[in-house]
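The whole structure should be built from the sequences, with the hints applied where relevant.
Chains as they are written, first to last, in this note's numbering: chain F, 1 to 437; chain W, 1 to 347; chain V, 1 to 248; chain Z, 1 to 279.
It is worth saying that the hints were derived from the structure and are not from the lab. Hints may be right or wrong, so weigh each one.
As the list claims (entries may be wrong) - Derived DSS-like pairs: lysine-lysine, alpha-carbon spacing no greater than 30 Å straight-line:
id, chain 1, residue 1, chain 2, residue 2
1, V, K77, Z, K96
2, V, K172, W, K121
3, F, K178, F, K123
4, F, K178, W, K201
5, F, K93, F, K343
6, W, K201, W, K289
7, F, K131, V, K123
8, V, K3, Z, K90
9, W, K193, W, K148
10, F, K338, W, K201
11, V, K225, W, K289
12, W, K121, W, K211
13, F, K338, F, K178
14, F, K178, F, K293
15, W, K31, F, K93
16, W, K31, W, K205
17, W, K205, V, K243
18, V, K234, W, K289
19, F, K343, V, K234
20, V, K172, F, K182
21, F, K178, W, K20
22, Z, K113, Z, K171
23, W, K289, W, K217
24, V, K3, F, K370
25, F, K141, V, K172
26, F, K181, W, K31
What the hints assert, rightly or not - Sample of chain W residues at the chain Z side, in silico, Cβ under 8 Å:
id, residue
27, G74
28, S79
29, Q254
30, Y305
31, G308
32, G311
33, K329
Claimed, not checked - Beyond 12 Å from chain V on every Cβ pair, some chain F residues (computed):
id, residue
34, Q32
35, D54
36, I87
37, S150
38, F208
39, P223
40, D236
Quantities reported herein were computed from a predicted structural model and do not represent experimental measurements. Beta carbons are placed, not taken as given, at the ideal position from N, Cα and C, and that holds for glycine.
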Amino acid sequence: MSKNISINVHHITRVEGHGNIVVNVKNGTIEQCQWQVPEAPRFFEAMVRGRRFDDIQTIVSRICGICSISHSFAAIKAVEDALGLEITEQADKLRLLLHYSEIMQSHTLHVGYLVSPDLFGEKSVVPLVSKAPEIVKKIIKIHRVANQWSELLAGRITHPITVIPGGFSMIPSEQQLKDLKKQLEEIVPDLAAVCEAVLSVADKFPAFERETEYISLKQDNPPLYALFHGDITSTDCNGDGPVPVREWERVANEYVTPQSTAKWTRWHRDAFAVGALARFNNNAELLSPLAKKVADMFGLKKGNCNPFMNSVAQLAECAFVVENAIQTIDALLSKGLKQEKVKVSPRAGRGSGCVEAPRGILFHTYEFNKNGECVAANICIPTNQNHANIQKDFEKFVPEFMHLGEDGLRHGMEMLVRAYDPCISCSTHMLNVTFVK
Amino acid sequence: MSVLKFTREQFENFVSAMVKSGQSVMAPQAKNGRFAFGPLQSAADLRLDYDVTILPPKKYVLPQTQTLLEFEVGGAFRSVDSSQPMILLGVHPYDVAAISQMDELFSQDQYDKHYMDRRCKMTIVALDVVTPSENVFASSMGTATVRKGYDLLLTVLKDGSVLAEAATEKGQQLLKLAGSSTPASEADLSARKAIWESNEKNLDKHVLKCKPSYLPKLLDHSYEHAVWEEMARLCYSCGSCNQVCPTCYCFDVQDFVNWDLKTGRRQRCWDGCLLENFATVAGNHNFRKDRAARYRHRLYRKGKYVPGKIGGQIACVGCGRCITACTAKIANPVEVYNRLMEDTELG
Amino acid sequence: MSKPRVAIFDFACCEGCQLQIVNLEEEILDLINLVDVVEWREAMSEQSHDYDIAIIEGSITRPEDEKRVLLIRSRAKILIALGACAATGGVNKLKNNFDMKEVRQCVYGKDADLPHLDTYPTKAVDEIVEVDYKIHGCPIENSEFARVIRALLLGKRPMVPDYPVCVECKAKENVCRWEYGETCLGPIIRAGCGARCPTAGFRCFGCRGYVDNPNVEAAREVMAKYNLTEEDLKTRMVLFGSKQGPTL
Amino acid sequence: MCECCNNHKNDIYLPQLATITKRRMLNGTELYLHLEMDSGKDLEYSPGQFVEVSVAGIGEGPISISSSPTQKGLELVIRNVGSLTRVIHKLEVGGKLGIRGPYGSTYPVEQAKGKDLVFICGGIGLVPQRSFIRYALDHRNDYGKIIVLIGTKCYTMRLFREEIALWQQRKDMTVMETIDEAHDCWDGNVGVVTTLIPKIESDLPSSLVMICGPPVMYKFVLMALAEAEVPEDRIYVNLERRMKCGVGKCGHCQINEKYVCQEGPVFRYSDLALVPEAI
Ligand SMILES: Cc1cc2nc3c(=O)[nH]c(=O)nc-3n(C[C@H](O)[C@H](O)[C@H](O)COP(=O)(O)OP(=O)(O)OC[C@H]3O[C@@H](n4cnc5c(N)ncnc54)[C@H](O)[C@@H]3O)c2cc1C
Ligand code: SF4
Ligand code: SF4
Ligand code: SF4
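If you want it as structure tokens, here you go:
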């Protein structure tokens, strides 16, 4: 086993955005072990100042191409909170349905296109096509359905158009919803097949555990596996939760570190994790039957602290959103769809919004003047919240897996970063604004 | 030919029979507070009371994109026939007039089979206007009612019953789908005549101050008039006025290849003479560079150039669509022609 | 004949345009039959310096990125700017409405002066190097991307529309946003999107940038015809009033 | 009842294949092609007409016929300016092109009989004129004097050099050439083509004058001819416009009410009096 290891992964591949891994081992002692985020910062919170409340979601959706729907919703919820807007039950259900589509899109992309090459020992999904054509075809089919699902409700796959403060600018027809339901029912068996395929290579997930704090939303009324509504909760909460969304800054506690253009966060301890595994650890009992089956297949249980299992939790969530979406469509159709007119007038105020983005809990806060122009913004992205946790994982992972040698260690660390499904371009836009009082 | 009368319910049965006939039925339906022609799924969606559709039914005779040929890249071509039987249901008289003009233009000189094949398989069911649109001026253009260019003519009477008169064999055939009906009475026929007379007067949200047949002469003397510059100052060159016009038929032709890079298709798609590069050639020489020149060209085509090709019929049928569609509010042909009239009379 | 080598690079952006390429689904396999993708960080692990076609996503906001762009240009025969950020600067140019120091302060507070948080006014790729083709849009339309790539592979100049969005909007038979009393930039913005936003009930906010010769001066007077003020328009110009191209 | 469905008409947009039998670069940008129709039947055309040339997958464009109907096959000269023309330039002998046509009006070959012919050519404008020049040479006794003025931007861009040299040796025609910018290898005329007009030895007002060249050229040549008192009905201009269909439908080539593809490209100048967009 080599005593000197030097790993410098400049811009880790198959993740969204730029991140670097730096490890330096001299004579068996770790001199440096760092997770760095050098992505060019984009300053969204500064940019939105002066923009009108009804343009905010369109601008901030551009923070991230993969979770643009989540950003739009977090922003819209914040705007609605600030302006005191109520939305109809129909609009809320349609939003939930759209949000699910992004979870499906993003999870399929992540597990199917980005993680599975590691499990099958390939460098990208392209060679996988000849190695496991049937499975790749199924992944592509699921991904396409998820995309069409988003496009139907949002007007586009990425960067939604139809979602506006107060409701929707355009809604699908009942026939379109019926067609969507049919498509969703059709992909259930494909989803099961993909889970089986991943299970067959699940031994490639390193056996690594590190206990940490898991933070996510929790929805009690009505109880639902929380992806869209709810309050903030944590596995470390002992009577001091759940925390209302408006007070999210007290949870995130952002700070700037020299190794990152993105800000880091901490709450009860030096780091916490968000994402599918965090949601699972807080809400597993609320999963749908098929989703529970998927978790059981992999032996995933509440309290799991193997970060690589995040991908499995994502698969379970895929099953959940499909099952729950079908129910949601039924509920919508049973009442009949109505075009609802949205009329919103500006007023001064401050509001916060939160959703579970595919890769974890996402917070937006805005303040508007009486003309409805934004005067301050604060956005906290899930990937940021994971950065410190990734660093802590590294610190435990490197000594434990040093025996793999330089290549093996590098590969393991890359896989570890990928497991968090980081979305680094979106994590470089946060800030701490002092709000104008 | 005889005129039949349908009660509202009988008429709905007739329409349902059309929908079930296997031919596609394209008819005016509500769309976001306005109207558009689209495939009719059920008789209940048909809106006989529509004022005007956003796009004219030309989208069925000359589709926005139409494949003309298929080919092997660098090799041979094969003609593609995209025609299929179709019922155009509820076409207002001015749109009927526009389609007749296009029939003439696409069949004269060089016979355009891609247009004509579609056209020949089409049954046109005309409909007298029930609700005048906000900008219609068909009364001025002599297109408020029509006596030819359709297969069947429908007129909705005040009580909601519908009169139908076939003008061609195709129209007769279509009527065979109808269930029960009664022959129209004298009173019905005079009610229809009253509607015609009223429409001929009342589709007049704008009024042209001359007979349309005078327009070519008027334009002979107006080429250098100040109005072109004045109006075109606000022109975005967006081509909306071309797109929505039932008589605009200019097109572009382009090749598209498939992923194999071996096969593909040649398509034509709508173009517009108001668009900046409509007359640009290699070397970036633009033969109609000024907005004003392009703006003028459209109104000359409507009032002089196309009439020269189709026996003097004016190529504006007074639907008023361009007036609504122009965001700059400068596309109204009547406004321009009347300006020219005033100045010609003065000079 | 060896296949053209294609490399995809990303700078400051949301990577949504790359995602649109991924969203071609099966068609990616067709693409891969025709070209060798030699570098694409978001989707694969291999990397290379030897390529014919470089595709750049994202806008340029730091000196070190500018250097990287120069290097890519020197290696590529054909350089394509992919998406609004690369083609026009995109939404990132909103930043240019402010003072850079103030922007850093606003986002990073007391830590604003840390060197790795450096930033300068956003630039589009063609403000640094020559760009051969632009694929506009935020995000791009992947059908347009596919069309451009196929045209290039055939040695054909790809058709990039230079007419306004209204053309496609009318073709979609939408009710014009102006008829609802809203402002819409469609008449001065380059088409190619199929008028997605107006079709989904939202105004065109100009993600594809201006047509070659926009009649921006007309806009002010037209606003008056609709009883709207210039103020109503100002923040509604291209990509929400960011500083790219003509403004009022 | 619907007669049109019964008679199966040809597709006016369907090109016929032709094979390149000879190819040669005339200068840096202009390619000469000799084509034979795959059907084995020569096109029937008259001088001045054009064909629509296609490469499947790339596109289609109008190209003047440069050969004379008195010869076999079809000759085209194509300037490399864009997509289609660039791809055509890459084709070798044996390569295929799609051809539609011939389309458009012709030079007044019949009315011109017995008259002196003056051809004024600017740059690539020589290409369509050559069709009539060769036709007239092949029917030499039908026509009076044949005078050809050729102006080219620079020495290196001159077209059909050998053929012009042969023409210059002929006693039965006059050929004068000029280039815009002086060049070391050139001891002939320097200056734009209009400078040659005063040198014409013929009774200009009774001659027929044929003009073809770049858009800017017409105005100056026409001014010079007006000065020389050539009646407008004896002047023929060959005009280029954007053109898509070639058959009078697509609207692109219109000059006011005139469709270049039908009433042109060869127009009698007197017919353009009420057509302000023409020149
Ligand atoms: C009657 C007639 C006879 C001709 N005879 C000859 C001849 O003998 N030899 C010859 O070389 N040429 C001739 N031409 C010109 C020739 O047709 C064009 O040069 C050719 O079609 C250019 O095609 P391309 O695809 O190579 O260029 P393209 O790549 O199509 O375009 C080159 C330029 O054309 C313009 N353009 C073309 N299409 C578009 C579009 N869709 N949108 C915007 N701009 C566009 C642009 O300015 C562009 O830069 C003739 C033209 C006419 C009308
Ligand atoms: S010019 Fe205007 S009013 Fe006339 S037919 Fe065309 S769209 Fe209708
Ligand atoms: S619709 Fe109006 S602005 Fe647009 S091209 Fe026509 S006249 Fe000009
Ligand atoms: S909605 Fe916008 S893009 Fe559409 S026609 Fe109106 S102005 Fe043009």
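Given pair status - K182 of chain F, K172 of chain V, alpha carbons within 30 Å | Given that 30 Å is the threshold and the Cα spacing comes to 27 Å, the pair holds.
Would you mind confirming whether the straight-line C-alpha gap from K193 of chain W to K148 of chain W stays at or under 30 Å?
-> 16 Å, holds
Given the hint that K181 of chain F pairs with K31 of chain W, test it: the Cα-Cα distance must not exceed 30 Å.
-> It holds: about 25 Å lies between the C-alpha atoms, which stays within 30 Å.
Going by Cβ atoms only, is Y305 of chain W closer than 8 Å to chain Z?
-> For Y305 of chain W, the interface hint holds, since the closest Cβ of chain Z sits about 4 Å away, which is under 8 Å.
Holds or violated: K172 of chain V to K121 of chain W, with C-alpha atoms at most 30 Å apart = Holds - the C-alpha atoms of K121 of chain W and K172 of chain V are around 25 Å apart, at most 30 Å.
Restraint status (C-alpha distance of K31 of chain W to K93 of chain F at most 30 Å) | At roughly 24 Å apart (the allowed maximum being 30 Å), K93 of chain F and K31 of chain W satisfy the hint.
Hint consistency between K234 of chain V and K289 of chain W [alpha-carbon to alpha-carbon, up to 30 Å] | Measuring from Cα to Cα gives roughly 29 Å; hence the hint holds.
Do the numbers back the hint for Q254 of chain W, that is, is its least Cβ distance to chain Z under 8 Å?
-> 7 Å, holds
Sort out whether K370 of chain F lies within 30 Å of K3 of chain V, counting only the CA atoms.
-> Not satisfied, since the Cα-Cα distance of roughly 59 Å exceeds 30 Å.
Is the Cβ of I87 of chain F more than 12 Å away from each Cβ in chain V?
-> For I87 of chain F, whose nearest Cβ neighbour in chain V is about 16 Å away, the distance exceeds 12 Å, so it holds.
Is S150 of chain F truly not at the interface, in the sense that its beta carbon sits beyond 12 Å from all beta carbons of chain V?
-> 10 Å, violated
Given the hint that K77 of chain V pairs with K96 of chain Z, test it: the Cα-Cα distance must not exceed 30 Å.
-> 29 Å, holds
Of the numbered hints given earlier, the model fails hints 3, 4, 6, 7, 10, 12, 17, 24, 32, 33, 35, 37; all others are met.
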